[in-house]
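*Asks:* Dock chain S against chain D, hints included.
There are 2 protein chains.
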Amino acid sequence: MAAAVDEVRDGLMEDWNILENVFKLLQREDTFCADPQQWDKQKIVPFLQPEKLKELINLKVRETEKCTLAEIEALCQQVIHYSVKTSHGRFHNQLFGQLDPFGLAGAVITEAMNGSSYTYEIAPVFSLIETEIISTVSKLAGYKEGDGIFAPGGSTSNMYGIVLARYKIAPEVKTSGMFGMQPLVLFTSDQSHYSFMKAANWLGLGSDNCVSVKTNQLGQMQMDDLEAKILEAKARGGRPFFVNCTAGTTVLGAFDDINGAADVAERHGLWLHVDACLGGASLLSHKHRSLIAGLERANSFAWNPHKTLGAPMQCSLFLTRETGRLLERCNSTEAHYLFQQDKFYDVSYDTGNKSVQCGRKIDAFKFWLMLKARGYGKYGLLVDHAIGMSRLLEDKIRKRSDRYRLVLQKHEYSNVCFWFIPKAMRVSSKEETPEWWERLYTVAPKIKEQMTHNGTLMIGYSPLKAHNLGNFFRMVLTCFPILKSEELDFILDEIERLGDKIDL
Amino acid sequence: MAAAVDEVRDGLMEDWNILENVFKLLQREDTFCADPQQWDKQKIVPFLQPEKLKELINLKVRETEKCTLAEIEALCQQVIHYSVKTSHGRFHNQLFGQLDPFGLAGAVITEAMNGSSYTYEIAPVFSLIETEIISTVSKLAGYKEGDGIFAPGGSTSNMYGIVLARYKIAPEVKTSGMFGMQPLVLFTSDQSHYSFMKAANWLGLGSDNCVSVKTNQLGQMQMDDLEAKILEAKARGGRPFFVNCTAGTTVLGAFDDINGAADVAERHGLWLHVDACLGGASLLSHKHRSLIAGLERANSFAWNPHKTLGAPMQCSLFLTRETGRLLERCNSTEAHYLFQQDKFYDVSYDTGNKSVQCGRKIDAFKFWLMLKARGYGKYGLLVDHAIGMSRLLEDKIRKRSDRYRLVLQKHEYSNVCFWFIPKAMRVSSKEETPEWWERLYTVAPKIKEQMTHNGTLMIGYSPLKAHNLGNFFRMVLTCFPILKSEELDFILDEIERLGDKIDL
Numbered sequence: 000m001a002a003a004v005d006e007v008r009d010g011l012m013e014d015w016n017i018l019e020n021v022f023k024l025l026q027r028e029d030t031f032c033a034d035p036q037q038w039d040k041q042k043i044v045p046f047l048q049p050e051k052l053k054e055l056i057n058l059k060v061r062e063t064e065k066c067t068l069a070e071i072e073a074l075c076q077q078v079i080h081y082s083v084k085t086s087h088g089r090f091h092n093q094l095f096g097q098l099d100p101f102g103l104a105g106a107v108i109t110e111a112m113n114g115s116s117y118t119y120e121i122a123p124v125f126s127l128i129e130t131e132i133i134s135t136v137s138k139l140a141g142y143k144e145g146d147g148i149f150a151p152g153g154s155t156s157n158m159y160g161i162v163l164a165r166y167k168i169a170p171e172v173k174t175s176g177m178f179g180m181q182p183l184v185l186f187t188s189d190q191s192h193y194s195f196m197k198a199a200n201w202l203g204l205g206s207d208n209c210v211s212v213k214t215n216q217l218g219q220m221q222m223d224d225l226e227a228k229i230l231e232a233k234a235r236g237g238r239p240f241f242v243n244c245t246a247g248t249t250v251l252g253a254f255d256d257i258n259g260a261a262d263v264a265e266r267h268g269l270w271l272h273v274d275a276c277l278g279g280a281s282l283l284s285h286k287h288r289s290l291i292a293g294l295e296r297a298n299s300f301a302w303n304p305h306k307t308l309g310a311p312m313q314c315s316l317f318l319t320r321e322t323g324r325l326l327e328r329c330n331s332t333e334a335h336y337l338f339q340q341d342k343f344y345d346v347s348y349d350t351g352n353k354s355v356q357c358g359r360k361i362d363a364f365k366f367w368l369m370l371k372a373r374g375y376g377k378y379g380l381l382v383d384h385a386i387g388m389s390r391l392l393e394d395k396i397r398k399r400s401d402r403y404r405l406v407l408q409k410h411e412y413s414n415v416c417f418w419f420i421p422k423a424m425r426v427s428s429k430e431e432t433p434e435w436w437e438r439l440y441t442v443a444p445k446i447k448e449q450m451t452h453n454g455t456l457m458i459g460y461s462p463l464k465a466h467n468l469g470n471f472f473r474m475v476l477t478c479f480p481i482l483k484s485e486e487l488d489f490i491l492d493e494i495e496r497l498g499d500k501i502d503l
Numbered sequence: 000m001a002a003a004v005d006e007v008r009d010g011l012m013e014d015w016n017i018l019e020n021v022f023k024l025l026q027r028e029d030t031f032c033a034d035p036q037q038w039d040k041q042k043i044v045p046f047l048q049p050e051k052l053k054e055l056i057n058l059k060v061r062e063t064e065k066c067t068l069a070e071i072e073a074l075c076q077q078v079i080h081y082s083v084k085t086s087h088g089r090f091h092n093q094l095f096g097q098l099d100p101f102g103l104a105g106a107v108i109t110e111a112m113n114g115s116s117y118t119y120e121i122a123p124v125f126s127l128i129e130t131e132i133i134s135t136v137s138k139l140a141g142y143k144e145g146d147g148i149f150a151p152g153g154s155t156s157n158m159y160g161i162v163l164a165r166y167k168i169a170p171e172v173k174t175s176g177m178f179g180m181q182p183l184v185l186f187t188s189d190q191s192h193y194s195f196m197k198a199a200n201w202l203g204l205g206s207d208n209c210v211s212v213k214t215n216q217l218g219q220m221q222m223d224d225l226e227a228k229i230l231e232a233k234a235r236g237g238r239p240f241f242v243n244c245t246a247g248t249t250v251l252g253a254f255d256d257i258n259g260a261a262d263v264a265e266r267h268g269l270w271l272h273v274d275a276c277l278g279g280a281s282l283l284s285h286k287h288r289s290l291i292a293g294l295e296r297a298n299s300f301a302w303n304p305h306k307t308l309g310a311p312m313q314c315s316l317f318l319t320r321e322t323g324r325l326l327e328r329c330n331s332t333e334a335h336y337l338f339q340q341d342k343f344y345d346v347s348y349d350t351g352n353k354s355v356q357c358g359r360k361i362d363a364f365k366f367w368l369m370l371k372a373r374g375y376g377k378y379g380l381l382v383d384h385a386i387g388m389s390r391l392l393e394d395k396i397r398k399r400s401d402r403y404r405l406v407l408q409k410h411e412y413s414n415v416c417f418w419f420i421p422k423a424m425r426v427s428s429k430e431e432t433p434e435w436w437e438r439l440y441t442v443a444p445k446i447k448e449q450m451t452h453n454g455t456l457m458i459g460y461s462p463l464k465a466h467n468l469g470n471f472f473r474m475v476l477t478c479f480p481i482l483k484s485e486e487l488d489f490i491l492d493e494i495e496r497l498g499d500k501i502d503l
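Sequence lines, in order, name chains D and S.
So for the first sequence, numbering that gives the first Met the number 0 puts the first residue at 0; every next one is plus one.
So for the second sequence, numbering that gives the first Met the number 0 puts the first residue at 0; every next one is plus one.
Next up, chain D with everything else stripped away, as it sits in the complex (with noise of 0.2 Å):
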């Protein structure tokens, strides 16, 4: 045993020469496919079946294994390899695109200096960043003075919000639980991110006590139904606490009415939180910040960066208009060990008091270094070329109106939906038929596994059950790549081309 270890101990600073072979391997072309020369050579994934790609790489960890440098680049190689390109500029499949390489700088660092946001003493840099990245954004949201926590995700996110705003509203919950409480209950749109489903059944409020509120034709949250929601919900013997409204949904980019919320959530004295994690981008444009008006009459809102401006996952901002320290007296326990406040340096520095996590991933310095080395502006253009873009792209889909239709004429933020009509189904308005449309429903997911096959464009796709609606593409622009028009013409060209060759 000694005689391994050993081993293992003088092997150290070589193994540290992996570090160098996959920084040449992310150098190679083949890695990112960020470079707009390369994407027709480029396939996104070379996909396989899982079985085969089973087969095809050398999955099994075993107990005994003693891979050499060179056998563990060639895994890695082999990893990338089948990976999916989310940098390759015709990955449209989610709601982030290509990384900006600042963030991927930023997010190497991190991963080096391998610290943990809960203390300053083990974090002094990085909780400093912190502090910055959340009175910037405060300020950008119109915040007079602002709290908040970078968290793991859109969803955790989302929960910090309304635990916050039942911590604000029954305190007791934090020592006696809700049993035997009146339900509380939440309000949020048909068109609203799952994760405040899963915020129900986590935080022990359940699914019947999150209401979904209609939406309108564009998506958007319906005023008087969220009003009529609200009585019907007190009229049961619910206790209404909180209403979030969306900045950017999931499917169509629409944005709530975050005033007209604010004015109801006043009148019921309900928590306003904004689910941000799309549409947070647009206050950093002048064009488009109108689009989140009302923000700062919210007590909460969650942004991920990670979507559309490029930052790695995972990059999500919780932020409260709430001072006086909720958001700690809200999540801290009495932990000695870690938060001693016998230290000799000021502790309210140390965030982790704020954090329903211990040791939390320091997600806020890719953020920061992309802000320092373009500054925010930059973003928000980009944000305007991106959404400029997504006009664009319904401009072009109109004027191929034989074979597109848009499920919305005009889309507020960068989201596209639209279907593809394959030749075989061309006809004349009146025969299309509920038969037609049914039939049209099922377009989309063979092109999408044509696409996925051929490798050379990847676009998500979705039904819309609140409205009724069928299969359809949802393309996403993000702030990188930052196309030209000729790339959208491949994507039409690209699915007409797939599109007509599919079995229906």
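I should point out that these hints are in silico values taken from the structure, not numbers from a laboratory.
None of the values given here were measured: they were computed from a predicted structure.
Beta carbons: idealized from backbone N, C-alpha and C, even for Gly.
Some hints here could point you the wrong way.
[Unchecked claim] Each computed BS3-like pair below joins lysine-lysine, with the alpha-carbon atoms no more than 27 Å apart:
no., chain 1, residue 1, chain 2, residue 2
1, S, K53, D, K422
2, D, K59, S, K138
3, D, K398, D, K409
4, D, K483, S, K422
5, S, K422, D, K286
6, S, K59, S, K167
7, D, K138, S, K65
8, D, K143, S, K422
9, S, K342, D, K342
10, S, K167, D, K65
[Claimed, not checked] Computed, partial: chain D to chain S, Cβ under 8 Å:
no., residue
11, V7
12, T30
13, K197
14, C357
15, Y403
16, W435
[To be verified] To give a feel for the contact side, a few chain D residues facing chain S, derived at Cβ under 8 Å:
no., residue
17, I56
18, A73
19, V83
20, Q93
21, G114
22, M177
23, W201
24, A334
25, D341
26, L407
27, Q408
28, P444
29, I481
*Replies:* Below, chain S alone, put in the same frame as chain D:
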């Protein structure tokens, strides 16, 4: 505006050069401070008070700012310089130590590929890798079948356990919440991690229903007190549903008797969870596997390879032996835009329905790469070595009995807790009055201050309120750095050097 966007686009390929600069920074001696030859010369942290550090680093984020690559690099260098070097071999402040190079290599690739663990579609290789880890660790735990998920930290993994237990006995909580229910009560020792209190708050159970069970002098949960507390809770009208055993407590490194707790849990029909965030590494050791005996009887457990093993933050695994897709049934919602069932591959590889998150950072790959590089047996030997060194440190402390006092004569794991007695306080044993002890409790914080200012050593300290003990040092030996005996002497010598100089 268009010009500014073109400028960003045109500069993008050049921006990627930042990566090469960052790679160079990371290859410098003073970034990780991983080379034992250099420890004497390198500070773990050049500590500055927050106000001073704020003056020194240009933290401010602005709307219009454009740093050159060289300026960004300089900023990164500054951030690295003033950060704590957690990979310095004399950083023993937390439950983690030096990074394993293979872990870092994996983390860097993960950042670069920027995937998300919700579907096979977007994370084909990483999904299979997560499955492989879950299956391997399930077998090591003695589970016939196992299910699980990587979570963003141990606190979340523990929450998964509580939520799953609650779903099993009261699935109706998912829909109707906990209002009007008989209070659900969970049990965990007074030495267990504070995440159970935090979870009780978030999940709506309340801290009163998170019952603290007494520990013996070694810090292990007392089974008779557990049984008594369960009966008391029932008598008060509560419904006991969950008991947590800790495998490796935060301060003393104590292991609860899992078999004993399993007997009690079975008798009362409770879910047994094991918080093995710290001690889970013993699964890999032949010599110390018995510490965690009985784990196969636990319904679930949490383990953080980012502690002790050298995987970068965050790397936390939640596992359950419950089958029948319980985890998925507990956490799923119908998210049609992401988890379409009309896909062209086996959607059972999509992991998102098991998760409380939506986007989820890929945390499995770095750990997998470590295991591929060395085989998990090698890590078992490193665990043995770390524990062996802890026993050696105890011996060395006993040999300096005039200056040191052990909290426990023999700790169970690789934590060693002790007081240092400064020269001015060395008295005969009958002079060790309560006042003397109170004074001794002020010593560790003062030495810690000196350590930090000197940058020569970082060791945490803690009181143990439940055992009426004041501040003592908690030294944690981790798999990396792989220390030699001389290094332990350095630790004790350095504490003496600094400790004899403090003002009492």
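*Asks:* So, for every hint listed, does it hold in this structure?
*Replies:* Quick rundown of the hints versus the structure:
1. S:K53 <-> D:K422: Distance of about 63 Å is beyond 27 Å: violated.
2. D:K59 <-> S:K138: Given pair K59 (chain D), K138 (chain S) holds - Cα atoms ~13 Å apart, limit 27 Å.
3. D:K398 <-> D:K409: OK: K398 (chain D) and K409 (chain D) at ~14 Å, within 27 Å.
4. D:K483 <-> S:K422: violated (73 Å)
5. S:K422 <-> D:K286: Violated, at roughly 68 Å.
6. S:K59 <-> S:K167: The given pair, whose Cα atoms are some 49 Å apart, is violated under the 27 Å limit.
7. D:K138 <-> S:K65: The hint holds at about 21 Å.
8. D:K143 <-> S:K422: violated (52 Å)
9. S:K342 <-> D:K342: violated (56 Å)
10. S:K167 <-> D:K65: violated (41 Å)
11. V7: Interface hint status for V7 (chain D): holds (6 Å vs cutoff 8 Å).
12. T30: Holds: closest Cβ of chain S sits about 7 Å from T30 (chain D), inside 8 Å.
13. K197: Holds. Min distance 5 Å.
14. C357: holds (5 Å)
15. Y403: Since the shortest Cβ distance to chain S is 20 Å, the answer is violated.
16. W435: violated (18 Å)
17. I56: holds (7 Å)
18. A73: This interface hint is violated because 11 Å lies over the 8 Å limit.
19. V83: Result: holds, 5 Å to nearest chain S Cβ.
20. Q93: holds (7 Å)
21. G114: At 6 Å from the nearest chain S Cβ, G114 (chain D) passes the 8 Å test, so the hint holds.
22. M177: holds (4 Å)
23. W201: Holds: closest Cβ of chain S sits about 6 Å from W201 (chain D), inside 8 Å.
24. A334: holds (4 Å)
25. D341: holds (5 Å)
26. L407: violated (15 Å)
27. Q408: violated (21 Å)
28. P444: At about 5 Å, which falls below the 8 Å cut-off, the nearest Cβ of chain S leaves the hint on P444 (chain D) intact, so it holds.
29. I481: Constraint on I481 (chain D) satisfied, holds at 4 Å.
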